[in-house]
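Build out the structure end to end from the sequences listed, making use of the hints.
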Amino acid sequence: MVKRFVESGHDKRFLLSVAVVMPDHAHLLLWPKEKYSGVFYSLNDILRPIKGASSRGINLFLGRRGPVWQKESFDRIIRNEREWREKYDYICNNPVKNGLAEKPNEYPWLVFGEQFINRY
Numbered sequence: 003m004v005k006r007f008v009e010s011g012h013d014k015r016f017l018l019s020v021a022v023v024m025p026d027h028a029h030l031l032l033w034p035k036e037k038y039s040g041v042f043y044s045l046n047d048i049l050r051p052i053k054g055a056s057s058r059g060i061n062l063f064l065g066r067r068g069p070v071w072q073k074e075s076f077d078r079i080i081r082n083e084r085e086w087r088e089k090y091d092y093i094c095n096n097p098v099k100n101g102l103a104e105k106p107n108e109y110p111w112l113v114f115g116e117q118f119i120n121r122y
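With this note's numbering, the residue at position 66 of the sequence shown is 68, and numbering never jumps.
Check each hint, because a few of them may be wrong.
To be verified - In the DSS-like style, the derived pairs of lysine-lysine whose C-alpha atoms are separated by at most 30 Å in a straight line are:
| hint | residue 1 | residue 2 |
| --- | --- | --- |
| 1 | Lys89 | Lys99 |
| 2 | Lys53 | Lys37 |
| 3 | Lys14 | Lys35 |
| 4 | Lys89 | Lys14 |
| 5 | Lys105 | Lys89 |
| 6 | Lys14 | Lys53 |
| 7 | Lys37 | Lys73 |
| 8 | Lys14 | Lys73 |
It should be emphasised that the hints constitute simulated quantities derived from the structure, not laboratory data.
Below, the structure is given as structure tokens:
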């Protein structure tokens with residue numbers, strides 16, 4: 003469900019590099035798109051619809067109410083190609099590191115942006 007909302011939102015508010023949805027957390031590597039001249043979508047602009055829609059769907063599926071996601075998110079500014087590659091590899095290998103797949107491309111909740119072909 004979260005994967006679907008990440009996939010559907012990336013063409014409007016952000017450019018997706020890679021994302022992974024884990025059982026208890028998610029990672030996204032993205033670039034905010036320009037909202038209007040010189041102003042870019044904020045992290046809150048990007049995450050609010052993803053968290054909101056997925057929370058409603060998860061709660062409906064589980065037959066419960068209440069928060070699904072933490073109010074806070076943790077973000078990093080990536081300053082160069084080396085840092086980008088490090089984060090990209092970390093996200094792709096997270097399911098393997100946590101014993102959920104043998105190879106990254108075997109994990110069904112790993113999402114690659116169109117411009118970043120699955121290297122795994």
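For the pair we were handed, Lys89 and Lys14, check the Cα-Cα distance against 30 Å.
holds (23 Å)
30 Å Cα cutoff - pair Lys37, Lys73
Cα-Cα ~23 Å, so holds.
Lys14 and Lys35: Cα distance at most 30 Å?
Cα-Cα ~8 Å, so holds.
Would the pair Lys89 and Lys99 pass a check requiring their Cα atoms to be no farther apart than 30 Å?
holds (14 Å)
Under the criterion that the straight-line Cα-Cα distance not exceed 30 Å, is the pair Lys53, Lys37 satisfied?
holds (20 Å)
Does Lys89 sit within 30 Å of Lys105, going by the straight-line distance between their CA atoms?
Holds, at roughly 17 Å.
Would the pair Lys14 and Lys53 pass a check requiring their Cα atoms to be no farther apart than 30 Å?
Roughly 16 Å between the alpha carbons, so the hint for Lys14 and Lys53 holds.
Holds or violated: are the alpha carbons of Lys14 and Lys73 at most 30 Å from each other?
holds (23 Å)
Comparing the model with each numbered hint stated earlier shows that all of them hold.
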